[in-house]
Structures are given as structure tokens and as C-alpha cells.
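A.B. asks: Below, each chain spelled out in residue letters.
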Amino acid sequence: MSVPADQPDDELTIPRAAMNKMIKEILPNVRVANEARELILNCCTEFIHLLSSEANEICNQQQKKTINAEHILKSLDTLGFGDYRAEAEAVLKDCKAMAAKKRRKSTRLENLGIPEEELLRQQQELFAKARQEQMLMQQQEWQMVQAQAAAAQQQQQEQQTIDDDEDYS
Amino acid sequence: MAGGEWSHNGVGEDGAVEEEERGSGLRLPLARVKRIMKCDPDLNLASQDAVYLVARATELFVESLVQESYQYTVHSRKKTVSRRDVDNSIEAIEALAFLEGALE
Chain A
1 MSVPADQPDD
11 ELTIPRAAMN
21 KMIKEILPNV
31 RVANEARELI
41 LNCCTEFIHL
51 LSSEANEICN
61 QQQKKTINAE
71 HILKSLDTLG
81 FGDYRAEAEA
91 VLKDCKAMAA
101 KKRRKSTRLE
111 NLGIPEEELL
121 RQQQELFAKA
131 RQEQMLMQQQ
141 EWQMVQAQAA
151 AAQQQQQEQQ
161 TIDDDEDYS
Chain B
170 MAGGEWSHNG
180 VGEDGAVEEE
190 ERGSGLRLPL
200 ARVKRIMKCD
210 PDLNLASQDA
220 VYLVARATEL
230 FVESLVQESY
240 QYTVHSRKKT
250 VSRRDVDNSI
260 EAIEALAFLE
270 GALE
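Protein sequences appear in the order of chains A and B. Under my numbering, the first residue of the first sequence carries the number 1, and numbering increases by one thereafter. Under my numbering, the first residue of the second sequence carries the number 170, and numbering increases by one thereafter.
Relax, there's no trap hidden among the hints.
Footprint (simulated), chain B over chain A, 3 or more residues, beta carbon under 8 Å:
no., stretch
1, 27–39
2, 74–88
Listed next, the in silico DSS-like pairs over lysine-lysine satisfying Cα-Cα at most 25 Å (straight line):
no., chain 1, residue 1, chain 2, residue 2
3, A, 96, B, 207
4, A, 74, A, 93
5, A, 21, B, 248
6, B, 207, A, 64
7, A, 24, B, 247
8, A, 74, B, 207
9, B, 247, A, 21
10, A, 96, A, 74
11, A, 64, A, 96
12, A, 24, B, 248
13, A, 64, A, 74
14, A, 65, A, 96
15, A, 105, A, 93
16, A, 93, A, 65
17, A, 65, B, 207
18, A, 105, A, 129
19, A, 102, A, 65
20, A, 64, A, 93
These are computed hints drawn from the structure, not numbers from a lab. Where a beta carbon is used, it is the ideal one built from N, C-alpha and C, also for glycine.
Construct all of the structure, not just a fragment, from the sequences and the given hints.
C.D. replies: Right under this line is the structure:
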């Protein structure tokens, strides 16, 4: 689904395909006129603006710099969409879980509060350990290679014997 | 940048990333919702959570509006939900008063 780069910002809407999919889910097997879809699409844009503006005001009133979830939830209440609140909040749990997962992945080390010398020490330890493991692995590999070479040689000798035998038939 | 402002997704933010960004069963692409919000120059930055909520609330809004409109369709014994049905819903529901005159 391509994003219309040519769609000027003030004519921005939800993608039609997403809208159509939603309508189909809500009213399966019901025909919906294109004009009706268009209207609903535009209503969505208005709704987003309404909700955002209201939240923005609440945010300013609280003298905060960033609109947060609570501002949005409060806006739903004041705008008369309080019955959306419960379902909307449910989304937050998923959102939090995803965000927490991302945080764990990327900032684990930065957030541990371990002083640099300690980190350095840990790093040296890890390197030493890695070197050891690598040596061990190389040893094992070498042994395997030797074993394979020996087996190959063995096979070759046997083949040689068989070939020799065949010559005599 | 944890849970911070308008989150960045690097190159092609509104393109390929839209699909991934949906997450948690949302049907509306977050990047698009965010862009629509940003049309308002006075709007403060919004957290990721806030954008999620706006997206989800919008979905619920569509659900309500569509179902309400359908009531009119059934009432008029037609088979297709028309623009008139949606208009009627807007007029009938107080919370939707903001839509009157805001469109067209």
C-alpha cells in the first residue's frame, strides 16, 4: 500500500483500504456506498483533530510538554466518548509490552548504572573467556580434521585393496 | 528516547514501516495517524502511547458511526448504506456535533 506522497498535509486521511477493511469487518455482507465511505473517511480525520486538540489543551493546562496517554483518555471523557475509554486503554497494555521489549533490547547496558571501570573489567573477563573458548573450539576442530583425515586415508587404503583385487580377476 | 516524543523510524517512515508499526491488532497505520495529528502546527509532541490511543479511539469511532448509520439503512429498508444514513447518524448523536459543518 503506497503512501500518497503527493497528498498535501491538510487533505491527509486514513488510507482507504484500511477503512474499507474495517467497514467490511463491522458490516460483513452489507453494501456501503462510496459516498458514505468517503464521508466516514473524512469524519475520521476530523475526529483525530478533535481528539488531539482537546488532549493538547489538557496537556497545556497541566503545563506538560508532551501529550501523554492520560491526556487522550481524559479527552475521550470530556468529548463524550467515554465509552471508548475501556477498550482504548486495553491497547495500552500491548503497547507497553512492546515498548518494554524494545527497551530491554537496546538499552540494557546503559541503564544498569555500572561504573565504567567495572564495565571495562567485565569486558576483559569476557574477552579472556572468549579466547579460551575459541582455543578449545580450534582444538576440537583440529582433532576432528585429523580424525577425518585418518578415516579418509583408511578408506583410500581399503579402496586400494579392492582395486588390487579386481585387477586379478 | 524511551517512550519519548514522536518516535522516529528512519528512512521510509511512512512507507514500508507502516505495516510493522501497526502492532497489537490495530487496523490503522500509526504513521498516518501521526501525520494527521501533526497537521496542527500548535500541537505539542505526543508520546507513542498517545498516538496508539488516538488510533484505537478512531477505530472505535468508525465502528460506532458505521453501526449507527446501518440502523438508518435498515430503518429505511434499503440494502446499501448511503451517505444520507451517515448524515442522519451525525445529526442524531450529540457527541458527533463537531462533524456538522466541519465537512465539505
